[in-house]
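Per full-length UniProt numbering: the sequence shown = residues 1 to 357.
I should point out that these hints are in silico values taken from the structure, not numbers from a laboratory.
Where hints are given, some of them may not hold.
[Stated by the list, open to error] Derived lysine-lysine pairs resembling BS3-like cross-links, with alpha carbons at most 27 Å apart:
1) Lys-182 <-> Lys-147
2) Lys-81 <-> Lys-105
3) Lys-81 <-> Lys-147
4) Lys-181 <-> Lys-297
5) Lys-105 <-> Lys-68
6) Lys-181 <-> Lys-147
7) Lys-338 <-> Lys-181
8) Lys-226 <-> Lys-299
9) Lys-181 <-> Lys-293
10) Lys-297 <-> Lys-147
11) Lys-134 <-> Lys-68
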Amino acid sequence: MKVLLVIHGLNGVGGTERVTTHIANLLAENGNQVSVLSLTSVGSSPAFTLNDDVTLLQPKRTYSSLLKHLHQIWQVIQLRKQFDVVIASDTQLCLYVWPLTLLSKAKIVAWEHFNSQVVTRFGSRWFGRKIAAKLFDKIVVLTQQDKASWLDRYQPHSPVSVIPNPCAMAVLPTREETSIKKVVSVGRFTSQKGFDFLVRAWSLIPTATRAQWQLQIVGPSGSASKEIEQLIVALQLEDQVIISGASHNMEQVYDSASIYVMSSRYEGFGMTLVEAMARGLAVVAYNCPMGPKEIIKDKFGIIVPAESVERLADSLSELMEDNQLRLYYQQQSLIGVKRYEPAKIVERWQQEIRTFP
Numbered sequence: 001m002k003v004l005l006v007i008h009g010l011n012g013v014g015g016t017e018r019v020t021t022h023i024a025n026l027l028a029e030n031g032n033q034v035s036v037l038s039l040t041s042v043g044s045s046p047a048f049t050l051n052d053d054v055t056l057l058q059p060k061r062t063y064s065s066l067l068k069h070l071h072q073i074w075q076v077i078q079l080r081k082q083f084d085v086v087i088a089s090d091t092q093l094c095l096y097v098w099p100l101t102l103l104s105k106a107k108i109v110a111w112e113h114f115n116s117q118v119v120t121r122f123g124s125r126w127f128g129r130k131i132a133a134k135l136f137d138k139i140v141v142l143t144q145q146d147k148a149s150w151l152d153r154y155q156p157h158s159p160v161s162v163i164p165n166p167c168a169m170a171v172l173p174t175r176e177e178t179s180i181k182k183v184v185s186v187g188r189f190t191s192q193k194g195f196d197f198l199v200r201a202w203s204l205i206p207t208a209t210r211a212q213w214q215l216q217i218v219g220p221s222g223s224a225s226k227e228i229e230q231l232i233v234a235l236q237l238e239d240q241v242i243i244s245g246a247s248h249n250m251e252q253v254y255d256s257a258s259i260y261v262m263s264s265r266y267e268g269f270g271m272t273l274v275e276a277m278a279r280g281l282a283v284v285a286y287n288c289p290m291g292p293k294e295i296i297k298d299k300f301g302i303i304v305p306a307e308s309v310e311r312l313a314d315s316l317s318e319l320m321e322d323n324q325l326r327l328y329y330q331q332q333s334l335i336g337v338k339r340y341e342p343a344k345i346v347e348r349w350q351q352e353i354r355t356f357p
């Protein structure tokens, strides 16, 4: 099977780039001829390593304004006769891939990396989804909740399939460490990640408990960076809450902690939650749309009502104060993460790209 994945660019270090690279490699390892078309990265190296048997296609020059968008559409059209399946790796890219529904015999797939409630400022992602719902052969989303949302919002004529992201993190066989007194959270400093909720929750944890622990927030700076820094100072938590930049060694980040917390307002899936489970951390997450509840399933961690600062503080306190409870959820994480083993996820992709209505 000749498969083309189309992505904005591969030089970024975000979740879309990482998962697209991982799936491209897995599909190639399973006997497919795989190429990745990176529409915007001219001559740059991918942030994540592509296997040698995956072909990287890139533009030779950059364009500005309207010419840029026309050229990106043309890049896709030029490949119309070369592939059996074309996957738009982000619903925005449906705006560039849709001509293939008229000009190519290839089957066209829209891959939702966010969730159907997340829209861009000028509506390009919403419009891309509308196009996919009308013209594409298949839509792949990350959660059952988002599948229901897609069916309700866009009434697609084509089937909607659920394939969660694979866990690229090495899974520990066991973890029985209870002496590490650190809670970690990971993500870009934007409103989406809800670090304001987390810092406020931390301030509500009993002082005697907090004194033995540290909260570390790891991620690149963003629009909420200054707000979070000011909040930490206002709540006099400078000695307990540590802000770190983006890390290139996430295994080390997770291994230095015993609890992971996700305080997001919304997620597309919740990949960092899965990664933390792979390293045997006890996990606590808001029941935000979409992803955390399906990952945790009320047994592989603790799910907290969305945006409840008090309940988040209570759940963290409970885990921090009870070694046996923390150890129990660490072991539950290692059980739950098995659902996201790469071999299981790529098998589902193999099934999807071989069966079309």
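Okay, the hints, checked on the actual structure:
Distance restraint check for Lys-182 and Lys-147: the Cα-Cα separation of roughly 36 Å exceeds the 27 Å cut-off, and the hinted pair is therefore not satisfied. This hinted pair checks out: Lys-81 and Lys-105 have alpha carbons roughly 7 Å apart, not beyond 27 Å. Taking the CA atoms of Lys-81 and Lys-147, the gap is about 31 Å. The hint is violated against a cut of 27 Å. Between Lys-181 and Lys-297, the direct Cα distance comes to roughly 26 Å. Compliance with the 27 Å bound is thereby established for this hinted pair.
With a C-alpha separation of about 26 Å, the suggested pair Lys-105 and Lys-68 falls inside the 27 Å cut-off, and the hint holds. The suggested pairing of Lys-181 with Lys-147 is violated, with an alpha-carbon distance near 38 Å, which exceeds 27 Å. Proposed proximity of Lys-338 and Lys-181 is supported: the alpha carbons are some 26 Å apart, at most 27 Å. Taking the CA atoms of Lys-226 and Lys-299, the gap is about 36 Å. The hint is violated against a cut of 27 Å.
Simply put, Lys-181 and Lys-293 have alpha-carbon atoms about 25 Å apart, close enough for the 27 Å limit, and the pair holds. A distance of roughly 17 Å separates the Cα atoms of Lys-297 and Lys-147; the hinted pair therefore holds under the 27 Å criterion. Of the supplied pair hints, the one linking Lys-134 and Lys-68 holds, its CA atoms being roughly 25 Å apart against a limit of 27 Å.
Consistency with the previously given hints fails for numbers 1, 3, 6, 8, ordered from lowest to highest.
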